[in-house]
Amino acid sequence: MPESLPIVEMVGISISFPGVKALDDVGFRLFPGEVHSLMGENGAGKSTLIKALTGVYKIDEGEIRIAGEPRRLGGTADAQSAGISTVYQEVNLCSNLTIGENVMLGHEIKGAAGINWRATHRAARETLEKLGLGHLDPKQSLATLPLAVQQLVAISRSMVAKSKVLILDEPTSSLDANEVEQLFTVIRRLRDQGVAILFVSHFLDQVYAISDRLTVLRNGRFEGEYRTEELDRARLIATMIGKDIATLKSLDAKASRRVRSDEPPLYSAKGIGRKGAISEVDIDLHRGEVVGLAGLLGSGRTELARLIYGADRPDSGEVTLDGEKAEITTPAKALARHIALSSENRRDEGIIRDLSVRENLVLAVQARRGWARPLPRREQDALVEKYIAALGVRPADPERPIRLLSGGNQQKVLLGRWLATEPELLILDEPTRGIDVGAKAEIQEYVAALADDGLAVVFISSELEEVVRQSDRIIVLKDRRKIAEIEGGHGVSADSIVTIIAEDALGDERADAVVREEVTS
Amino acid sequence: MSTLTSPSAEAAPTGIRALAKRVTPQLDTLPTAAAVVIFVGMIVYGEAAYGRIVQFNTLSNLLINNAHLVILAVGLTFVIVTGGIDLSVGAVIAISSVAGVMLINAGWNPWLAMLLMVLIGTAFGTVSGILIQYFHVQPFIATLAMMFLGRGLASMLSTEPERVPDDSPLRSLGEQLKIYDGPKVNDIVLTPGVLIAAAVVAAAFFMLHRTRTGRTVYAIGGSEQSAALMGLPVAKTKMSVYIISGSLAGLAAVVYTARLGSAQNITGIGWELDAIAATVIGGTLLTGGAGFVLGSVVGALVLGLMNVLITRDGGIPPEATTIITGGILLVFVLLQRAVLARRRE
Amino acid sequence: MSANARGPVEALKGLVRRQYFWGIVAVALLLLVNLVKDPGYLAVSIGPSGNLAGNVIDILRAAAPVILIAVGMCLVVATGGIDLSVGSVMVVAGAVSMEFLKDAPDTVGSTFTALALVIAVSAALGAVNGVLVSVVGLQPFISTLVIMLAGRGLAKVITGGQNTAATNETFRWIANGYVFGLPVVFLLALLVAVGVGLLVRRSALGLMLEAIGMDAKAARLAGVNRRALLFTVYIFGGVLAGFAGVFATASVMTVDVSRTGYQLELDAILAVVIGGTSLAGGKFNITGAVVGAILIATLDKTVVFLGVSSSATPAFKAIVIVALCLLQSERVRRVFRQRRAAGTARPAEREVVAA
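Line by line, the protein sequences give chains A, B and C. Those letters in the first sequence? Residues 0 to 520, per numbering that gives the first Met the number 0, in order. Those letters in the second sequence? Residues 0 to 344, per numbering that gives the first Met the number 0, in order. Those letters in the third sequence? Residues 0 to 354, per numbering that gives the first Met the number 0, in order.
Bound conformation, chain A alone:
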């Protein structure tokens, strides 16, 4: 590989924002036919570098050479005409159009009377087939596809543009293991066709599974370029965060909390369910216990969390809190009963971008008090100061708009928002998704401490290892129903959960979402 010429060469790139030097003299090379991972913590400059390469940001200093030619990239269209395509974490397609239209938008085949739809759809089908997506009907609406498949459609689209460089920015963060494998098959196929692929992911396993080389950034500076096999994980992490970390291994030794399931549960639901979201389940949650919800994306884990919180109204079942019957049908009612949910969708359902850190943090407390009883400013400040310090929010400026914080720090502020409501039951849906290793370890530690303090915690993550490590008890979900409930402990691992899910699939002849089944261990 290295003997061929690089298709992309970025030399001495610097970009500043007001008050921040986002990139400082960074170099980067990308060769045809390789998968190259860009590594770094949040704020290391990965996104900025990608945006420079896709023409979204103008570079202050340095030069970008595409196939040896210096290029000025003034926008996405410029980058695309230079043969660079990008697929982002959030699928950037138009869900109001069909699959075929999305693949071919801007490259429709023209005939004598305008666009020749038959030829266009045929071309779309051929492109999809090349990536092993031949079973998709180009005339079907894109909205009918699961997110993971939409991601693959987005990649097909870049193939229509005959891209020589494909940038994949966190493409796997909402995919389950099976879907990731499908994506990797597609990536390898493209690599073998000579496409240069820039891959960004927070999942180290995936990085090691797919990449040929790595470039590491830290604090906007270039740390080094390595062949994947030259650099083991420990050294990679050390390079990314610039020091050895003890935090990572400390969590491996799981605190052995005493599970008090003999005590009456704090929260108990009998047969709660919602049509089309999750079929009826029983669930008990105890104080001082972390209950993990494990299952693939779409298994109903988020749906169950939303039902418990009243974000969606359950249409069946009964809920008791400390033995008393409770009606939890809206988030407001849940908060009044000291239940809190941190949504998986931090950007759309968590932070309010234009409000300050302080306002975001006190919002739920204030909402519970009602607008007529404002929280005095002094109490607000005390609350904010407390959680900024306890959770280590950086920068520790309460009046800064939250949109200017990194993902990990936004997540900490949100955690503070829910803790400020003094919950007895805290539901955390993907609290560690898309944030860097350091912040992740801090949040994991904090969650364990909360349970030790007597909180009932529900923990959801698509990383099974994380669920296993954090939970005292694990509820396994599949196809929008509960298939098993297991006590955490030494015998339980991510593999054993995968086995439960896989075995359930074998006996799953009926494949009918409506069928209810009582499977408990």
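Watch out, some of these pointers could steer you wrong.
Here are the simulated DMTMM-like cross-link-like pairs (lysine to aspartate or glutamate), alpha carbons at most 20 Å apart as the crow flies [as the list claims (entries may be wrong)]:
| no. | chain 1 | residue 1 | chain 2 | residue 2 |
| --- | --- | --- | --- | --- |
| 1 | C | Lys-216 | A | Glu-128 |
| 2 | A | Lys-269 | A | Asp-314 |
| 3 | A | Lys-57 | C | Glu-329 |
| 4 | A | Lys-385 | A | Glu-398 |
| 5 | A | Lys-129 | A | Asp-191 |
| 6 | A | Lys-332 | A | Asp-311 |
| 7 | C | Lys-36 | C | Asp-299 |
| 8 | A | Lys-161 | A | Asp-175 |
| 9 | A | Lys-57 | A | Asp-77 |
| 10 | A | Lys-324 | A | Asp-283 |
| 11 | B | Lys-235 | A | Asp-191 |
| 12 | A | Lys-163 | A | Glu-68 |
| 13 | C | Lys-282 | A | Asp-347 |
| 14 | A | Lys-163 | A | Asp-175 |
| 15 | C | Lys-216 | A | Asp-204 |
| 16 | C | Lys-282 | A | Asp-353 |
| 17 | C | Lys-216 | A | Glu-302 |
| 18 | A | Lys-385 | A | Glu-302 |
| 19 | A | Lys-324 | A | Asp-311 |
| 20 | A | Lys-274 | A | Glu-317 |
| 21 | C | Lys-216 | A | Glu-89 |
| 22 | A | Lys-163 | A | Asp-211 |
| 23 | A | Lys-163 | A | Glu-125 |
| 24 | A | Lys-324 | A | Asp-353 |
| 25 | A | Lys-274 | A | Glu-262 |
| 26 | C | Lys-216 | A | Asp-347 |
| 27 | C | Lys-282 | A | Glu-398 |
DEER-style ranges, computed between Cβ atoms [to be verified]:
| no. | chain 1 | residue 1 | chain 2 | residue 2 | range |
| --- | --- | --- | --- | --- | --- |
| 28 | B | Gly-326 | C | Ala-42 | 50 to 56 Å |
| 29 | C | Gln-262 | B | Gly-106 | 48 to 54 Å |
| 30 | A | Thr-319 | C | Val-107 | 57 to 63 Å |
| 31 | C | Asn-162 | B | Arg-341 | 45 to 51 Å |
| 32 | C | Arg-332 | A | Phe-202 | 39 to 45 Å |
Read the hints as simulated data drawn from the structure, not as lab findings. Cβ coordinates follow ideal geometry from the N, Cα and C atoms, glycine included.
Dock chains B and C against the given chain A, drawing on the hints supplied.
Chains B and C alone, transformed into the frame defined by chain A:
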């Protein structure tokens, strides 16, 4: 590769999936279909209750009297499909028709004056587009400004009705051409204005469904950010839709003035609302991303027919017209909402 | 809210940064234009009964209804909504009160009954908007458009298409009377604006409304009762519009079914935008909306004073909108900033997105 679909999708019975696949595209067109049904229903009811509706001359007049509204609704369809709005079209008609007629009366070449009438609309659309695209003014505010500007300029030019000379070529565009001579006055009659409207509809249909610009219009309505990231010419296309809407408003001014024979500064007050209502009734989502030109045509005709029926009835006070328009609009918006909710499930 | 004891210079700097500063500048410019035409324009005389009179007082009187609807609109806009129906609610309120007073005795009691009717009817129309927006979940634009269309028709049905007139001295006093030498209408409008301003900022209502306007989904999950708040805001906007309708009809004691409140929703929206509240929702500014309303009233009076036909006023409003939008736009600000900073600092604050 058959395992690509998510577990949940896999689990759904194939029968239901096949059915869903067949129903989905129909759901999109349901509001438009409903508009057609209501249109036909109104005709049947009108014929049964008042008579003389299903007649060549009544239907011909329906087209002739609403040609300008059809043109406006087509223009707004472009804008609304991108997720924008154009409030200026009514006022553009006022300034364009008053200016045009005054120029003709001042001795200008009538054809040149007519061209200028269209170009006045183009200019207004261009300014709206620049404000929206390059200065990030919200479409509502930018076109509101153009509405005020148009109405104000028209009032500065004249507050009296300006008459078009009877022998002017402009009048010839409103001249009734007998296509088929039926018994008594029951003829098929068309005006050049109707033909212009038909040509506009055909061109708009072609543009939206058969050109890349047209597909970009839909893509912007689906997600402007995605469209930009896909490398589509978002800025150019957004400019174009406002220019198209403005120009078509100018053209509607020509067609309307030709039929009426005079122009006034208060012409076209509230027509932007009629045009928006026609578009919405025809199945275009106000949030953008979905809509049909032909639907908007039906929507415009539903509104036109409603006026005919109210006149025929005689018992409904004319002041109730706006209440009925509001009611129809509400029904259609609720219908769209129901369809959207169904599709999300 | 603003500078707390940081000295007058700092306070002035804070004012300049506010978007409604340009509204104040525009009012001053318009008054200056009038002053050039007639050096005695700003003169305020004291009438025989101790009441102030003069052009400025006329402007304040004319601004009153616009202030009321602008304050209501400001709250609606903060939630990310819009209320196109306020003009129609005004005419319905006018029609109801005139129809009632036409046959009622000329007593204070009748006035209060008429006002109660106005409150009931305008709250009902606001509630329809509120239900359509918060319960049915329709877009505010279209829901209030329906009421805007139907409302004016309703007013015509109430009066049978006539411009009903009535006599009631107390009712008339609301629009034409004076307290402390100032017009009652202006004092009432100011009272409402100050009251609402204090209410939203001293309570947590402002934060809640902004949260809804910025991100409705996140606000709901944070426990904000979006439905109830939206419902309240639209009813409140309706009632304020009803009172504006009373102001507008009481001065002549006649409701003009086709002209009362006509297109005033646009004036209200304009006032809100001039005041620096974005139509996209979120941060709002009541003071700004009041400044905007006064600017609109000043503009209306100036156009007539300069001898231009009043039907041409919209053209001048258009110029004000475009000028303000350009001043607020990032593109123009960047040019100003670059010129001031002469290329030392980087323009256009870019968001630092986490890598």
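The hints, checked one at a time:
{"no.": "1", "hint": "C/Lys-216 <-> A/Glu-128", "result": "violated, 38 Å"}
{"no.": "2", "hint": "A/Lys-269 <-> A/Asp-314", "result": "holds, 12 Å"}
{"no.": "3", "hint": "A/Lys-57 <-> C/Glu-329", "result": "holds, 17 Å"}
{"no.": "4", "hint": "A/Lys-385 <-> A/Glu-398", "result": "holds, 15 Å"}
{"no.": "5", "hint": "A/Lys-129 <-> A/Asp-191", "result": "holds, 12 Å"}
{"no.": "6", "hint": "A/Lys-332 <-> A/Asp-311", "result": "holds, 12 Å"}
{"no.": "7", "hint": "C/Lys-36 <-> C/Asp-299", "result": "holds, 16 Å"}
{"no.": "8", "hint": "A/Lys-161 <-> A/Asp-175", "result": "violated, 28 Å"}
{"no.": "9", "hint": "A/Lys-57 <-> A/Asp-77", "result": "holds, 12 Å"}
{"no.": "10", "hint": "A/Lys-324 <-> A/Asp-283", "result": "holds, 14 Å"}
{"no.": "11", "hint": "B/Lys-235 <-> A/Asp-191", "result": "violated, 37 Å"}
{"no.": "12", "hint": "A/Lys-163 <-> A/Glu-68", "result": "holds, 14 Å"}
{"no.": "13", "hint": "C/Lys-282 <-> A/Asp-347", "result": "holds, 18 Å"}
{"no.": "14", "hint": "A/Lys-163 <-> A/Asp-175", "result": "violated, 28 Å"}
{"no.": "15", "hint": "C/Lys-216 <-> A/Asp-204", "result": "violated, 34 Å"}
{"no.": "16", "hint": "C/Lys-282 <-> A/Asp-353", "result": "holds, 9 Å"}
{"no.": "17", "hint": "C/Lys-216 <-> A/Glu-302", "result": "holds, 16 Å"}
{"no.": "18", "hint": "A/Lys-385 <-> A/Glu-302", "result": "violated, 32 Å"}
{"no.": "19", "hint": "A/Lys-324 <-> A/Asp-311", "result": "holds, 18 Å"}
{"no.": "20", "hint": "A/Lys-274 <-> A/Glu-317", "result": "holds, 15 Å"}
{"no.": "21", "hint": "C/Lys-216 <-> A/Glu-89", "result": "holds, 18 Å"}
{"no.": "22", "hint": "A/Lys-163 <-> A/Asp-211", "result": "holds, 17 Å"}
{"no.": "23", "hint": "A/Lys-163 <-> A/Glu-125", "result": "holds, 19 Å"}
{"no.": "24", "hint": "A/Lys-324 <-> A/Asp-353", "result": "violated, 39 Å"}
{"no.": "25", "hint": "A/Lys-274 <-> A/Glu-262", "result": "violated, 32 Å"}
{"no.": "26", "hint": "C/Lys-216 <-> A/Asp-347", "result": "holds, 7 Å"}
{"no.": "27", "hint": "C/Lys-282 <-> A/Glu-398", "result": "holds, 15 Å"}
{"no.": "28", "hint": "B/Gly-326 <-> C/Ala-42: 50 to 56 Å", "result": "holds, 52 Å"}
{"no.": "29", "hint": "C/Gln-262 <-> B/Gly-106: 48 to 54 Å", "result": "violated, 35 Å"}
{"no.": "30", "hint": "A/Thr-319 <-> C/Val-107: 57 to 63 Å", "result": "holds, 58 Å"}
{"no.": "31", "hint": "C/Asn-162 <-> B/Arg-341: 45 to 51 Å", "result": "holds, 47 Å"}
{"no.": "32", "hint": "C/Arg-332 <-> A/Phe-202: 39 to 45 Å", "result": "holds, 42 Å"}
Consistency with the previously given hints fails for numbers 1, 8, 11, 14, 15, 18, 24, 25, 29, ordered from lowest to highest.
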